[in-house]
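Engineer: Next come the chains, spelled out residue by residue.
Number of protein chains: 2
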Amino acid sequence: MPTYKLIYFPVKALAEPIRFLLSYMEQDFEDYRFEREQWPEIKPKMPFGKVPVLEVDGKQLHQSAAICRYLAKQCGLNGKDAWEDLQIDIAFETFNDFRAAVSSYHYDHHEESKKLKWEPLSKETIPYYQANFEELAKNNGGYLANGKLSWADIYFVACLDYMNVMAKQDLVENTPTLKKLRDEVLAIPTIKKWVEKRPQSEV
Amino acid sequence: MPTYKLIYFPVKALAEPIRFLLSYMEQDFEDYRFEREQWPEIKPKMPFGKVPVLEVDGKQLHQSAAICRYLAKQCGLNGKDAWEDLQIDIAFETFNDFRAAVSSYHYDHHEESKKLKWEPLSKETIPYYQANFEELAKNNGGYLANGKLSWADIYFVACLDYMNVMAKQDLVENTPTLKKLRDEVLAIPTIKKWVEKRPQSEV
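The listed protein sequences correspond, in order, to chains A and B.
Each residue of the first sequence is one higher than the one before, counting from 24 in our numbering.
Each residue of the second sequence is one higher than the one before, counting from 24 in our numbering.
Do not take every clue at face value.
A pair counts as met if it fits within one copy or between any two copies, since identical chains are not told apart.
The calculated lysine-lysine pairs, modelled on DSS-like cross-linking and capped at a C-alpha distance of 30 Å, are [as the list claims (entries may be wrong)]:
(1) K103 x K28
(2) K161 x K96
(3) K161 x K203
(4) K191 x K138
(5) K73 x K215
Please keep in mind that the hints were generated in silico from the structure rather than gathered at the bench.
As the structure is a prediction and not an experimental result, all values here were calculated from the model.
Pulled out of the complex, with its shape left as it was, chain A reads as follows:
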């Protein structure tokens, strides 16, 4: 049995989809959370200076999407063939674009530039993605792809708290199909157990 150690800041954000998948797989892992002030010392030891990093038997894996796709193959949350995998990847990458748009606002260090981004983001980009993801889920039996649960759904739900803080709203409040998807993922017993026991953090 390989040993897993997940290295990240003391937040959910981009590590949470990995924590959700490891929980779903009922795979024990060390949830190593370092404090912000340790980052300068840790950063040079991380591949390309980034986290989350998942150490599998000491071997460092990075990039949350790559790690999630890999874990998904071990627990049947990938597609049954290349076409289904493609649909999952399309849904994930589209969510990633949405996250990038919201992040571009949230992490903008230039006060005036940031201010100018809020109106198009809140009035156009966010409602556009909400409506189109709702439609996508409606057309896929309540999931983001292939009419069944996949790692794209897990990634989406695990990132929602983080996304909601950045977007300053509950993004699924008015999209009943997406809201139901969130509730369904959070009700999976292994994930429910993880959410109950995880350390509390806003993002």
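Got chain A; can you put chain B on it based on the hints?
Structural biologist: What follows is chain B alone, placed relative to chain A:
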């Protein structure tokens, strides 16, 4: 035989990795390039309002990375197992982070904000990625993963012209292993043929 139609602006940018892969596969495709002024009319017909879109027998596929990973499986440019696929995905996602950093400068519409980004980008971020990608390629027999050609290499090389314009420099000029990788990919006969016949554009 399915028919392929690729829909994009009249540039290389994010469509070029798909064009490279279709060429590598010796797959005929319609290279549909629309003009900027047609975009408002085309945008509502594209999934999530974005391009490139690859139509396969009329079915719209979007998201360049998802499409490339799918095509790669058809021509052996994926990994031989889940672990190799993971290494390819890690390399691709890391390159994508690099692209996001350069794009964040290039597409910044706020003059002062953009100006402030140039020094950290050119003095820290770009040299950091160059050095680490060079190291990665050195450790992988001249490729980005697994000691052999994969779709991550194709994506990287196909995006280089676009990246170089955004970064205002030849990004592989001083990284001999990456430069050799670029030259090797561009020397693959099917890709060479495509590059010779493709419409000219800066990015």
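Engineer: Could you run down the list of hints and mark each one as holding or not?
Structural biologist: The hints, checked one at a time:
Within a single copy, K103 and K28 get their C-alpha atoms as close as 29 Å, and across copies as close as 26 Å, so both meet the 30 Å cut-off. Both within a single protomer and between protomers do K161 and K96 lie at most 30 Å apart by alpha-carbon distance, with minima of 25 Å and 29 Å respectively. For the homomeric pair K161 and K203, the shortest alpha-carbon distance inside one copy (11 Å) is at most 30 Å, but the shortest distance between copies (48 Å) is not. Taking the closest pair of Cα atoms, K191 and K138 come within 30 Å of each other both inside a single copy (14 Å) and across two copies (28 Å).
In the homo-oligomer, the alpha carbons of K73 and K215 lie at most 30 Å apart inside one protomer (28 Å), although the nearest pairing across protomers, at 35 Å, exceeds that limit.
Going through the hint list in order, the structure satisfies each hint without exception.
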